[in-house]
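Visitor: Sequence:
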Amino acid sequence: MTAPARPPHTLSVAPMMDWTDRHCRAFHRTLTRRTLLYTEMVTTGAILHGDRERHLGFGKAEHPVALQLGGSDPAALAECARIAQDWGYDEVNLNCGCPSDRVQSGSFGACLMGTPDVVARAVEAMRGATTLPVTVKHRIGIDDLDSYEHLTRFVGTVAQAGCETFIVHGRKAWLSGLSPKENREIPPLRYEVVRQLKADFPHLTVVLNGGVLTLEAAREHLRWADGVMIGRAAYQDPYILATADWDVFGEDVTPPTRREAIEAFLPYVAGQLEQGQPLNRMMKHTLGLFAGQPGARHWKRTLSEQGHRPGAGLDVLREALAGVPESVLDARPGVGEAQPA
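Offset between the sequence shown (1-based) and our numbering: plus 2.
It is possible that part of the hints are untrue.
Unchecked claim - Pairwise CB distance ranges (calculated):
| hint | residue 1 | residue 2 | range |
| --- | --- | --- | --- |
| 1 | G278 | E187 | 17 to 27 Å |
| 2 | G47 | A266 | 30 to 40 Å |
| 3 | A324 | E151 | 56 to 66 Å |
| 4 | R56 | Y150 | 33 to 43 Å |
| 5 | T117 | G336 | 46 to 56 Å |
| 6 | G336 | L316 | 28 to 38 Å |
Simulated from the structure, these hints should not be mistaken for lab results. Just so you know, these numbers come straight off a predicted model, no measurement behind them. Every residue, glycine too, gets a C-beta built ideally from N, C-alpha and C.
Start from the sequences, fold in the hints, and give me the full structure.
Guide: What follows is the structure, encoded as structure tokens:
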């Protein structure tokens with residue numbers, strides 16, 4: 003018997019700069035139909051004054067897909083939220099967690115945690131411009147603003163503006179002294195803070211992000227969290243998503259083999275090649291497909307060395323597949339015996 007349907011936020015793949023572009027999302031869709039996918043962070047300026055097709059274009063197969071925005075001006079964010087709805091996105095997310103210098107210089111990202119009233123005004127403006135869900139992704143604190151009292155003030159203030167879903171990276175961020183990479187690794191994970199936040203705001207949807215490496219770990223967190231967002235693990239070893247529809251969402255489906263995932267990706271790749279996209283721009287997102295498996299080195303080396311060459315096409319992909327054992331290509335993953343209640 004199929005388990006009751008679970009909401010999209012139950013499992014999602016984090017927005018990651020230079021990684022979760024439309025090619026990456028198209029590939030992830032060959033592995034999971036239900037997992038919520040996010041764009042890279044797109045600034046309001048890029049949308050309002052740049053190439054919208056480049057920044058916003060996506061395929062129908064990517065649904066459910068959310069647009070993550072970077073910005074702090076309520077009017078600009080509201081206009082971008084309206085545009086997101088026009089383009090067919092399923093959600094608009096405001097980035098209040100990125101600690102990069104570029105983001106700080108624009109007074110958005112993680113530094114917005116220091117100004118909850120600004121975030122509240124932005125959320126209110128965005129909600130007034132779209133019927134899409136408006137969500138916020140943030141840290142548990144920044145710099146010396148890392149008390150639980152400050153976190154609850156931030157969430158409470160933004161919730162009063164109408165935000166119902168908070169995606170919480172269980173680390174604080176240091177806005178000076180640490181690089182974005184270091185901010186993903188050095189500040190300790192404090193899941194207990196996020197768990198307490200859910201207990202204190204039971205009416206809100208609280209999604210845990212940070213350091214979740216497996217679906218097994220995700221299922222454990224789903225005993226108390228409304229959802230789990232997986233980041234680098236889903237990119238570096240994307241095949242962990244292959245059992246998500248069964249293991250996490252409870253659907254009675256057969257997980258794809260790695261061969262089936264690549265075959266499902268081929269029409270997309272062929273179509274993009276016809277439009278002039280270089281092969282490596284699409285296939286770089288598949289380099290981790292065989293992580294830890296025989297043939298992984300051949301797969302990565304062939305695609306990396308030949309995929310960037312002018313005119314590289316599907317023959318390169320077939321050559322890369324030829325070095326992977328049949329037993330690896332056709333192995334079908336098992337699924338967890340226990341699913342979250």
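Visitor: Could you run down the list of hints and mark each one as holding or not?
Guide: Results of checking the hints against the structure:
1. At roughly 37 Å, the beta carbons of G278 and E187 sit outside the given window of 17 to 27 Å.
2. Between G47 and A266 the CB atoms are about 36 Å apart, so this pair conforms to the stated range of 30 to 40 Å.
3. The hint said 56 to 66 Å for the Cβ distance between A324 and E151, and at roughly 59 Å that hint holds.
4. Hint check: R56 to Y150, Cβ distance near 41 Å, so the stated range 33 to 43 Å holds.
5. Distance hint for T117 and G336: a CB-CB separation of about 47 Å, consistent with the stated range 46 to 56 Å.
6. The hinted range of 28 to 38 Å is satisfied by G336 and L316, whose Cβ atoms lie roughly 31 Å apart.
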